[in-house]
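Q: Got chain A; can you put chain B on it based on the hints?
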Amino acid sequence: MISLQHFLIASALLFAIGVAGVVGRKNIFIVFMSIELMLNAVNLSFVAFARFLNQLDGHIFVFLVMAVAAAEAAIGLAIVILLFKNKESLNTDDFSLMKR
Amino acid sequence: MLTTILFYLLVAVMLGGGLVTITRRHPLSAALALVTSFLALSGLYALLTAQLIAILQILVYAGAIVALIVFVIMLLNVREEDLNYHEELVPQVGIALVALLPVVGVVIAAINRLPSGTFPALPDPGYGSIEQVGMYLYQHHVFVFELVSVLLTVALVGVVLLAKRRI
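Taken in sequence, the protein lines are chains A and B.
Note that this note's numbering has the first sequence beginning at 18, numbered continuously upward.
Note that this note's numbering has the second sequence beginning at 1001, numbered continuously upward.
Extracted from the complex, chain A is given alone in its bound form (with noise of 0.2 Å):
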């Protein structure tokens, strides 16, 4: 039988291959990606959960994790081809702009 844990550990393995993503890989994009999948494990922990109590607040913060969701892909993407049009690449060692 399918019990709330197993969800939760889908969402951390799922998490933690976001984490994995984020920090071993340079290409921004697939930065970019990694942390679209964090947002979805914990997404998944949220339904889980709303089902496990029977409430219908869990529902309502993945609502609102993908409107954020939404409005980050937006702006991020501006972003990355801002950064693409001045450094011409695409790697994350690349826009060290802050760097001293």
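To be clear, the hints were calculated from the coordinates, so they are not data collected in a lab.
Among the hints, erroneous ones may be present.
Said to hold, decoys possible - Cβ-to-Cβ under 7 Å is the rule here; a few derived chain B residues that face chain A:
(1) Leu1015
(2) Pro1027
(3) Ala1030
(4) Leu1068
(5) Gly1117
(6) Phe1119
(7) Tyr1136
(8) Leu1151
(9) Gly1158
What the hints assert, rightly or not - Straight-line alpha carbon distances no greater than 27 Å define the calculated DSSO-like cross-link-like pairs of lysine-lysine that follow:
(10) A:Lys104 to B:Lys1164
(11) A:Lys43 to A:Lys104
(12) A:Lys102 to B:Lys1164
(13) A:Lys116 to A:Lys43
(14) A:Lys116 to A:Lys102
(15) A:Lys43 to A:Lys102
None of the values given here were measured: they were computed from a predicted structure.
Even glycine gets a Cβ: it sits at the ideal position worked out from N, Cα and C.
A: Same frame as chain A, but now just chain B:
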């Protein structure tokens, strides 16, 4: 029984899609793997009887956000030399995953300490439907809903400001 099989199948596709996403060199292949992962996740939402969230997952994530990513990748006209061929993908991602293993182990141990997590019976058949979630949203979380509309407007204005050369 069928639920169990579906669960493991969907989780395998979801985690596999995630792993493929972070090990591709070209971002376009990664984006396609990301869609696969998101679609499997939408199936998991359906298993949790979250109809509205499952539909939104396909519409917003697999549809809008990934379409935006693919659009930008194509717009940038990425050349071969932009993709850092000196980057050692498998060792880098592998080391990151192995380094995360203890953390994940601790988290899983903590999850297993939770009291029994069998899902209770559904309170009523409409749980998670558009109608119920919509009513709940408007009756208890109207402020949050309005806040989301403000956030999206701010994001829209911000993107125009960023992308336009001269206002």
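Q: A separate judgement is required for each hint: does it hold in the structure or not?
A: Here is how each hint holds up against the structure:
For Leu1015 (chain B), the interface hint holds, since its Cβ comes within 7 Å of a Cβ in chain A; the closest pair sits about 6 Å apart. Because the beta carbon of Pro1027 (chain B) sits about 4 Å from the nearest beta carbon in chain A, less than 7 Å, this interface hint is met. About 6 Å separates the beta-carbon of Ala1030 (chain B) from the nearest beta-carbon of chain A, less than 7 Å, and the hint is met. With 7 Å as the threshold, the beta carbon of Leu1068 (chain B) comes within range of chain A, its nearest partner Cβ sitting at about 6 Å, so the hint holds.
Look at Gly1117 (chain B): its Cβ gets to within about 3 Å of chain A, closer than 7 Å, so that hint holds up. Residue-level restraint check for Phe1119 (chain B) holds (minimum Cβ-Cβ distance to chain A is 6 Å; threshold 7 Å). This hint holds: Tyr1136 (chain B) has a C-beta 4 Å from the nearest C-beta of chain A, less than the 7 Å allowed. A hinted interface residue such as Leu1151 (chain B) counts as satisfied when its beta carbon comes closer than 7 Å to some beta carbon of chain A; here the least separation is about 6 Å, so the hint holds.
This hint holds: Gly1158 (chain B) has a C-beta 5 Å from the nearest C-beta of chain A, less than the 7 Å allowed. Straight-line distance between C-alpha atoms of Lys104 (chain A) and Lys1164 (chain B) comes to about 18 Å, which keeps the hinted pair within the 27 Å bound. Pair hint Lys43 (chain A) plus Lys104 (chain A) holds up; C-alpha atoms about 15 Å apart against a cutoff of 27 Å. Of the pairs offered as hints, the one joining Lys102 (chain A) and Lys1164 (chain B) holds, with about 13 Å between alpha carbons and a cut-off of 27 Å not exceeded.
Annotation: proposed proximity of Lys116 (chain A) to Lys43 (chain A) holds, straight-line Cα distance about 17 Å (limit 27 Å). Restraint check for Lys116 (chain A) and Lys102 (chain A): the C-alpha separation of about 20 Å stays at or below 27 Å, so the hint holds. Between Lys43 (chain A) and Lys102 (chain A), the direct Cα distance comes to roughly 18 Å. Compliance with the 27 Å bound is thereby established for this hinted pair.
In terms of the numbered hints stated before, the structure departs from none.
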